[in-house]
Amino acid sequence: MVSSYEAVIGLEVHAQLHTKSKLFCGCATAYGAPPNAHVCPVCLGLPGALPVPNAEAIALAVRAGLALGCDVATSSRFARKNYFYPDLAKGYQISQFELPLNARGALEVELPSGTKRIGITRIHVEEDAAKNLHGVGAGTDTLVDFNRAGTPLIEIVSEPDLRSAEEAEAYLRKLRDILMFTGVNDGNLEEGSFRCDANVSIRPAGDETLGTRTEIKNVNSFRFVRMAIEHEIARQQAVVEAGGEVVQETRTWSESHHKTRSMRTKEDAHDYRYFPDPDLPPLVVAQARIDAIGAALPELPDAKRTRWRAELGLTEYDAQVLSAHPAVARYFDEVASALCAQAGGAARDEVGKRAANFVQAEILGHVEQAGLDARFPVPAAALAELLRLVERDVINGKIAKRVLSEMIESGEGAEAIVEREGLAQVTDAGAIEAAVRAAIDAHPAQVAQYRAGKTAVLGFFVGQVMKATRGAANPKQVNALLRELLGEP
Amino acid sequence: MTADEVRKVARLARLDLGPDEVERMTADLGAILAHMAELDAVDVAGVEPTFHAVPLDAPLREDRVAPSLDRERALAAAPRVEAGAFAVPKVLEADS
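Protein chains in written order, with numbering that gives the first Met the number 0: chain A, 0 to 488; chain B, 0 to 95.
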């Protein structure tokens, strides 16, 4: 009996490359079309049809490799992976085997115990298979939809460096983040554009040799990946503790039963007999091209958050929220850089923090996300114009919210709205003083309370003044003046 | 090359070989492998592997959507069609 076991996990992620057309033909990759609307002789595998690689797919695959620290091969090979299943018309899938495009990368994952480096063995380019629909037709037939066949994918194979379901989930989230921020993948797990297979084995803690692994196929949410791996580790421990042996097999996660189940696979299922595809000459990417893609690599999410914390004084939490989607991050960057252009040092921190708060509180709720794009209620430049009015004390934060709803409604600019509705705040000291004195005179009881030490009553007076000025008084001035006048004996 | 190996390769390629065919293939494939073994004797240390007979880099195409086949035409040669899809005898991946 072994006292404790250690899990060894490696992940294979299939991520769809964000292109308009398929990997080897001009058919659209758009999701959700009627079955077999996006098919042609190439992706149907009709005799004589020849594949021609999509330059953008290759560029995106190189970008993914560089973002994940891989060596990118100037010459790689497409190979045929041979198997018979009705999701393949040709009888083989075009993939890469001996000479993949990217190899030897790594991803640093933040864990409660610290940062851990997870090795990436390889990232190769391949075409997706067709989709089989079971039990939807009138009869018992399996229906085959080739719209997805030939869609460009990268397969990202990790080293078996992960030791728990939590580590696996953290790795996957980070990987998805990087692929989305680099525009490689839209991160949509539901539509299957980011899919994960997990290889799981256990061994007595401290052992160096690997145990027999099982492969869990196609789990489509981060939560389910974690649950499936947790379940599989527990299942393997139970098998071993009962004196049994783990069988190398493919298992599938059942969402309804919350456990993994063995898939009936034929004994030869993994004998793919790879060989170089004679239809495709070597894939050559010039070093200059690789360097250019590297130089144009967008800022990665970690770097972005670090910069926001350092330059704009954002908290880790704010930085996380604002970088949850690349379009939101770009939007915030645009707003912040427009606002902070003139500000420096500490002032810049304040401006950055206020912009972060405003975007989180007033904008995020209105954002409609669609893949890598997002629709914002107002353009970044228009929001910057609004927030600049707050920074210049032309309006206060409360009025800003009102102006924003007006902007969303009418599409007008902030300055025009403030002008037309006379919302510019009262900064005229005389007018504010008159309102403050009136509030003090009207509430002697509260004045007495304040002077007796109950300074929280100050908020009540601020409210009274704001009400009297219909929210247009500069709150900083109101506060200062109230303190001054209430403090008088 | 053994008859068992030939039967395994035939099974993987979904070829239904009769006993006499297995015998002939065993001899033929054995001869081919023997010839390859002769080539193995050549010293190619330091020679770049040749993956393709044509000394060409793969030409690439621009990422532009081109018209697909008309669906009726795409499905025209299918033995069975249902709901706009190719209908094939039931395959089941998972135990249910």
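Source of the hints: derived by calculation from the structure; they are not laboratory data. In this text the structure is predicted, and so the values were computed from the model without any measurement. Hints may be right or wrong, so weigh each one.
Just a few of them, taken from the derived set where beta-carbon distance is under 10 Å, the chain A residues facing chain B [unchecked claim]:
1) Y30
2) G31
3) H37
4) K80
5) F83
6) A137
7) Y316
8) Q319
9) V320
10) A323
11) A326
Straight-line distance between alpha carbons at most 30 Å, and here's what the computed DSSO-like set of lysine-lysine pairs gives [as the list claims (entries may be wrong)]:
12) K89/B / K89/A
13) K19/A / K258/A
14) K7/B / K475/A
15) K475/A / K89/B
16) K397/A / K89/B
17) K258/A / K89/B
For every residue, glycine included, the Cβ atom is placed at its ideal position computed from N, Cα and C.
Status of each hint after checking the structure:
no.: 1; hint: Y30; in the structure: violated (14 Å)
no.: 2; hint: G31; in the structure: violated (14 Å)
no.: 3; hint: H37; in the structure: holds (5 Å)
no.: 4; hint: K80; in the structure: violated (12 Å)
no.: 5; hint: F83; in the structure: holds (6 Å)
no.: 6; hint: A137; in the structure: holds (7 Å)
no.: 7; hint: Y316; in the structure: violated (38 Å)
no.: 8; hint: Q319; in the structure: violated (33 Å)
no.: 9; hint: V320; in the structure: violated (33 Å)
no.: 10; hint: A323; in the structure: violated (28 Å)
no.: 11; hint: A326; in the structure: violated (21 Å)
no.: 12; hint: K89/B / K89/A; in the structure: holds (19 Å)
no.: 13; hint: K19/A / K258/A; in the structure: violated (37 Å)
no.: 14; hint: K7/B / K475/A; in the structure: violated (85 Å)
no.: 15; hint: K475/A / K89/B; in the structure: violated (74 Å)
no.: 16; hint: K397/A / K89/B; in the structure: violated (63 Å)
no.: 17; hint: K258/A / K89/B; in the structure: holds (25 Å)
This entry does not satisfy hints 1, 2, 4, 7, 8, 9, 10, 11, 13, 14, 15, 16, going by the numbered hints stated previously.
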